[in-house]
Amino acid sequence: MAAAADVRDMLDLPAEGQPRPHKKQKVVEKRPEGITRELYALLGERAPPIALNENKYKGRPRWMNKLRVRPWRMTPFTNNARDDGLVLYHWQRKHESTRPPISDGAQMDTNESSAENRDDSVKPLDQVYPFAKYNIQIRMPKRYTDDEYTKLLQSKDWSREETDYLVDLVQEYNLRWMIIADRYEYQPRVNSDAGADAGANALVPATHYRTMEQMKARYYFVAAKMLEIEHPPAEMSEAEFELHERMLKFDPDRERDRKELAALQLNRTADEVREEALLLEELKRITSNEQNFITERRELYARLEVPISVGNTTMYQSSQGLSQLLQTLLQADKSKKRRSILGPEGSVASPAGQTPSQATAAETPTASSAAANKKGGIAAQAQPQVRTLTPAEEARYGVQHHERVSAGVQFRSDRAQKLTQAKSNVQTLKLAGALAELEIPVRLFMPTERVCKEFERLIQSVNLLLDARKVAEKVESEIRILEAARADREKKAAPDAPHPEVKTEAEEGASGVFDSTAAESGGADNSNKKDDGGDNAAQDGEGNHKRSASVLSGASDKTSKRQRR
Amino acid sequence: MNPSNPPQTAEYGGVTIHPSSLEHLLTYVASRLDEVSAIVLDPGYSTTRAGFAGEDAPKSLIPTYYGKYNADGQEKLIFGDDVFVTPRPGLSVHNPIGRDGIVEDWDMAEKVWEYSFTSRLTGAKASDPFHNGLNEIPSEELPTEMEVEADEKPLADSPLLMTEPGWNPAKAREKTIEIAMEKWGTPAFYLARNGVLSAFASGKASALVIDIGASNISITPVHDGMILKRGVQHSPLGGDYISSQIQAFSKTAVEAGQPPQAKYKTFPADKAPDASYRSLLEERTISEFKECVVQVWAGPNKLSATGPNGVSNEEVARTTPGRPFEFPDGYNQVFGVDRFRVTESLFDAKAAIPDPDSPFPAPTPSQTLPELIKASLAAVDVDLRPHLLANVVVTGASSLLYGFTDRLNHELMALYPGPRVRISAPGNTAERRFGSWIGGSILASLGTFHQMWISKKEYDEHGPNIVEKRCK
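Line order of the protein sequences matches chains H and G.
With this note's numbering, letter number 37 in the first sequence gets 37, and the count goes up by one each step, no holes.
With this note's numbering, letter number 318 in the second sequence gets 318, and the count goes up by one each step, no holes.
Honestly, the hints are just simulated from the structure, not real lab data.
Among the hints, a few may not be true.
To be verified - Calculated Cβ distances over 10 Å to all of chain G for the following chain H residues: (1) Arg93; (2) Ile138; (3) Leu153; (4) Ala302; (5) Val399; (6) Leu465.
Unchecked claim - Covered stretches of chain H (in silico footprint by chain G; criterion: 3 or more residues with CB under 8 Å from a CB of chain G, positions within the stretch not fixed): (7) 82–89; (8) 252–266.
As the list claims (entries may be wrong) - Taking lysine to any residue and the SDA-like style, the derived pairs with C-alpha atoms no more than 20 Å apart in a straight line are: (9) Lys472/G x Ile136/H; (10) Lys229/G x Leu384/G; (11) Lys374/G x Arg420/G; (12) Lys374/G x His387/G; (13) Lys259/H x Ala375/G; (14) Lys171/G x Arg183/H; (15) Lys456/G x Asp84/H; (16) Lys469/G x Gln137/H; (17) Lys133/H x Arg32/G; (18) Lys374/G x Leu264/H; (19) Lys142/H x Asp164/H; (20) Lys469/G x Gln171/H; (21) Lys302/G x Asp406/G.
In this text, a Cβ means the ideal position worked out from N, Cα and C, and glycines have one as well.
Just chain G, with the same shape it has in the complex:
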């Protein structure tokens, strides 16, 4: 989850550390591959992933958050992991994408996305050897050459495959292709739903994709590589919501094993960064806590329910050994049953910890995962439902919460006792975190896919509306 770490696997040369199911899949499709050095860009709320198609993990992984500050009367922007580093005076942190996963600030989204591939993938072009500085340059020619360089579009020679959530409105899609074609100058473009791509990453053309992201959880029924629009469900109970629950609960659990011992750095009023910077870093700490401690009650039944032998599940959870965690300020504690409570509201709206300060309103029952799945399947033809239940794909980094898939399995079995329920969740963390990117990587390197690109010529002919016709 820590976005400052670049992916560890397979930096170059395709030598992976872990042989995994994905690799089998890749060898299986190897005969169908035809790589055209396409770039796959998978923008999310928390992180933006970019990399070359055909690789098994995105090379470029940056936070979608960007920093903004004023220096010398000029507005300056910080992209990438640098956001976390220095608390500059007046530094405020923003996110171009709204909480529902749809882009709100298009100008900044374009810049963040552009940074994601120019910083690591395309880089600076090899310039003319006569003028690249290694040879002597007549000083008067330099400025004009630089202008030519600046004019060059960043993606002029790689096709671009981008992802979008299943509920992306048509206007946003058109805007996306506009940016890709006109600003970045890509020769070919395609916009794919990330639900479909996650299903592809698990080697399935039809699946029920459950994506637990940072800002959203979404259920996407996929049939024959196309989403079923009526069945797409999403709710804001994602990883950030869990973080807010952690914050709500850590307000209540004050009995410190040890009081915090830290010297806080104080900023003078004019040098202090914006509050949003603080909340970003708080979120980062809490993410670490979430990854280390938080657990989902594995079921069966809810945490508040009573087990088969009369002992309440909460009691059982209490008897499991706690997990220690030390916050950066020295506050440390062994967390027992509380670590189950913070995630319980993903499944049981009543179990939410009330917190008036949280940006998230209390969840309604219809926002919980079982209800979303129910609603999603109810909107799908009955003939397809058993097949979808037999192909449930779990993806998204927040689904890595310990015990999540077990609980999901139990909930699904309770909801649908008849049909066979089969969850496929890759055990490999990278495959879970970058599910939709990997699917895009596979898709964009398939030889048969190359007829589906929207080319620059087609875009010029039909205008941005072509994305609606082609990327169904």
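Just chain H, same shape as in the assembly:
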């Protein structure tokens, strides 16, 4: 009982409700045969472990002694399945007959036994041999006549004799094609007219080799035709019609191809077999995990919808902090009565930990155990054997190398997230606006390596664009101010202002005003033209950006589509 309790403990089963009733108490030691009750009583409680069994003939149960002896007799019988009336003898219980018992069996005179024979040989006639019913013949189509053969069944490939031979063989071996093909040894008669001496002189011609498919095709053709003659297709019963169709549709070439493929399949090398087994196992695992995987992913998405915590994560970077986090998470899980997404043993990793794509990428085909796969990349890295991967493999398995790895757990999505946080709140809002315009979620659906990179690039160009816009706006506003100033001046000097003067003044003014912005616009010329050009360039740039943004958005659309998928 202690062992059972231990096992329960180990398996985390609830403790036993009530102690089981002791069965042992009920067992009453049985008195072995061959010992009298009195002697057995003397032996006390613990009898020596000696079996006192006498080897004796079991005998018949007592009730049988009262029955009458029913004699068995060697009786002759004939088998209805035979047509030659062979008489065999077997033992049979003698029937209670009205006949007077024949004189003592020991003294069988020849006269008497013959009389008995005659007597018994009459009996089998009215008593059918029980095994005769198993003699079943298959139903064969009617044999063709000469006329029918010449009319319907002619074939270039098959002579009449060979067809006859084939049909005979099929009948003889009850359509067991394996055996028919094995025993098929048709020797075409070279010169049927020349007679026996020619046959004797001629070398035995090589047996005409026929494949099983050829034989089947020919026989099915013949049988289908004969069936047609017997019942025209319109009158056929359903089963017959089906059979007819099947026989007509037999395609020897296809059958041959199939057999070639089967032979290929059979003769695979050990490596191929192993690989196939591996793949099958993988497939099985994938299909069995599919449902699991889908629910996990759904849960992950659901979790992604949750508003981002802006709290500081440094407190979780020490192991103590992590375990604390784990505790709180577990608590939260329990209180929500919700299944933890990674299962009880996987919950060490934080819930938002492995992205599904990474988890699948980490499954190398050589990873033998499913357990290793469950733990994803971590287990894959922890695998004892280190092997170098080709760049292609690296790309396939998603292995990447970092120059500097900081302590603690970091999430790629976090890094991507950081990019969207600009220094100023206004800028952040603008970034968010740009992203919203491009229909890219602030929180990436599937922050894979590539997506993150693309996202980074996108953010960079958005920043660039925003900067450019800022500059452009600044310049524009300055131009507006200057234009206003000029208009003022022109208004003032309108009646007598000579044209060239204004120009120079304007130039001067412009140069004066632009002095401060010159540094910003990268030492641009003070001329309006140049400014216009700069504006144009900016516009061009904006156009470019727009285009690139649309490209980007297209790309991100794609990526987002991929994510959705």
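Put chain G on the given structure of chain H with help from the hints.
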């Protein structure tokens, strides 16, 4: 293997010592049984088995070898186990069956076979109580009565089921039925292939039967209770070949643990038995050695190959404890790796121990077991091959060599890594030795089989050629 021992199991009454798979099978078919006291005769090269159908082991087991000697100017013959007993002057030992399993000497084959069932099964007929010697007989009537007795055919009231190898030519088959019908006077006869019967004994209608006999190893694909003739393969690497390998090797391994100490009996030239007698008894000793010591390297791979961790298989075999054996002359030795070597050529022709004196030529690669199996399966339709591989039946006394089935399994797995390979080899020695006889015993006692007998009437009508038509 020792033919002088009659089968121990189930002498009478069907009480067997070991409950076995066969018994389950027999109880399964019990409802289909209808015994007609048929006799099953399974002649082999080394032993001839005979017994009543429905029993689980042949009652009569005699060596096929017979002795011939001259006494008082008369030629005398010795059958049965008596062959081994007395070295009579000029006693020579012969075998009516050729090394390929086909009967060569029909007259003697008939006598040996007849002895196999008359000695233990049919016996002398209960004669007329008036004349059986218990009552007083008028002396002048005796000779005529005796003549009548002698005229009686030995098998007049039991149907006979005989076995034959799968490559038995049509002429031999016709001769067999002729003997059974005309000489023995059996009322019904059937000739079955021993491959098919071995498959039946394992309860299978389709199987690949691997029979390791004394003179031959044969591969017989069986489908639906019929052999596939094109797939039948046989080669002479049987038990006798292994014996010859043992002889070849014992010539080379001379370092005696102890020199033989024996006083040999010398015969004067005119009293000495023939050399064939000596070789028979040598063979008998070597058979004992074979049964006690010889082992098949269980695989994987050949004995000469290197194992997965760089150690050659021969080294591994060397580390296994040796087995001691003492020959009758006192020579004794612990046999190590050599006991693996003598059987290796069943699987690897290159491993054969060369011996110019041996009656067996060096085996060719195509005679080895894996090649035979390959050839056999190649001759069978591809749809059937996986099924046959899943039903490999191992039978024949030489297959009882220790480690044989393991090795065979490994070889088959290496040959056909794709399909499932399943070997069914009865663990019970009697079932392995008498596989085809047991199959015959089952077959001949089936109620449905009785329509297949060739009756005397049919034989008279169609002549001996009927065996070709009926026993397909």
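Item to check | Beyond 10 Å from each Cβ of chain G, as asserted for valine 399/H | outcome: holds, 31 Å
Next on the checklist: Hinted pair, alpha-carbon criterion (20 Å max): lysine 259/H, alanine 375/G. Please report holds or violated.
Outcome noted: It holds: about 18 Å lies between the C-alpha atoms, which stays within 20 Å.
Item to check | Proposed proximity, leucine 384/G with lysine 229/G (alpha carbon, max 20 Å) | outcome: holds, 14 Å
Checklist entry - For the pair supplied as a hint, lysine 171/G and arginine 183/H, is the alpha-carbon distance within the 20 Å limit? => result holds, 18 Å
Checklist entry - Should the label of alanine 302/H as a non-interface residue stand, given a Cβ cut-off of 10 Å to chain G? => result Answer for alanine 302/H: holds, closest chain G Cβ roughly 46 Å.
Checklist entry - According to a criterion of three or more residues whose C-beta lies within less than 8 Å of a C-beta of chain G, is the stretch 252–266 of chain H covered? => result This one holds; 5 residues, not fewer than the three required, reach chain G with a Cβ under 8 Å.
Checklist entry - Would the least Cβ to Cβ distance between isoleucine 138/H and chain G come out above 10 Å? => result Isoleucine 138/H clear of chain G: closest Cβ-Cβ about 13 Å, beyond 10 Å.
Checklist entry - Straight-line Cα separation of lysine 133/H and arginine 32/G no greater than 20 Å? => result The given pair, whose Cα atoms are some 12 Å apart, holds under the 20 Å limit.
Checklist entry - Are the Cα positions of lysine 469/G and glutamine 137/H separated by 20 Å at most? => result holds, 17 Å
Next on the checklist: If I take the minimum Cβ distance from leucine 465/H to any residue of chain G, is it greater than 10 Å?
Outcome noted: Leucine 465/H clear of chain G: closest Cβ-Cβ about 62 Å, beyond 10 Å.
Checklist entry - Looking at arginine 93/H again, its CB stays over 10 Å from all of chain G? => result With a cut-off of 10 Å, arginine 93/H remains clear of chain G, as the shortest Cβ separation is near 13 Å.
Next on the checklist: Against the 20 Å threshold, does the CA-CA distance of lysine 374/G and leucine 264/H hold or violate the hint?
Outcome noted: Distance of about 15 Å is within 20 Å: holds.
Of the hints listed earlier, there is not a single one the structure fails to meet.
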